[in-house]
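Asker: Sequence:
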Amino acid sequence: MNNKPIQNKTDMEKLIKESSESAKQYIPKLLDGLKEVVRLFDEGRDKEAVLLFSTAIEGLDWFSVFQLALNLMEPFVNTEDNTVVFNKIMKGLLNAWETQNFLLMSDILEFELIPLLDKSMETLIKYDFPGH
1 MNNKPIQNKT DMEKLIKESS ESAKQYIPKL LDGLKEVVRL FDEGRDKEAV
51 LLFSTAIEGL DWFSVFQLAL NLMEPFVNTE DNTVVFNKIM KGLLNAWETQ
101 NFLLMSDILE FELIPLLDKS METLIKYDFP GH
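The opening position of the sequence shown corresponds to residue 1 in the numbering used here, with each subsequent residue numbered one higher.
Hint data in this document are derived by calculation from the structure and do not stem from the laboratory. No experiment lies behind these values; they were computed from the predicted model shown. Some hints here could point you the wrong way.
Label-pair distances were calculated between CB atoms; the ranges are [unchecked claim]:
1. Glu18 with Asp46: 34 to 40 angstroms
2. Asp46 with Glu122: 17 to 23 angstroms
3. Thr10 with Lys119: 15 to 21 angstroms
4. Thr83 with Gly44: 30 to 36 angstroms
5. Thr10 with Asn87: 30 to 36 angstroms
The list that follows gives simulated cross-link-like pairs (lysine to aspartate or glutamate, DMTMM-like), each with its CA atoms no further than 20 angstroms apart [what the hints assert, rightly or not]:
6. Lys91 with Glu58
7. Lys47 with Asp32
8. Lys88 with Glu98
9. Lys29 with Glu13
10. Lys24 with Glu122
11. Lys35 with Glu110
12. Lys91 with Glu122
13. Lys119 with Asp32
The C-beta atom is built at its ideal place from N, Cα and C for all residues, glycine as well.
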């Protein structure tokens, strides 16, 4: 990994562009996986849903870091509210996970997290990030 500090505005713009392009490719895959988790929970296939959700946790962690980085790099995008909402959603998911309330997990995914990820994707598409 390259640990050199970002040298100038061009480096920062390149980093923003690369990160946003990665997000545009990754978020739809994450959304598909989460929708599948909801479907499995709805069908009563809790073990399969939990297993699939556990693989999505790394992706959700990546999304959290991406949101924070975007807040720092491009404050005009105003993703700070999304970060606060995301953290609240994740706390709810953790509580549902710990109590094995899979119906609640499914509802949080379907009605809170998936719409937030959709909104984030729309924001990425809407803003023309520098570097291209």
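Asker: Sort out which numbered hints this structure fails and list those numbers smallest first.
Answerer: The structure conflicts with hints 2, 3, 9, 12, although it agrees with all the remaining ones.
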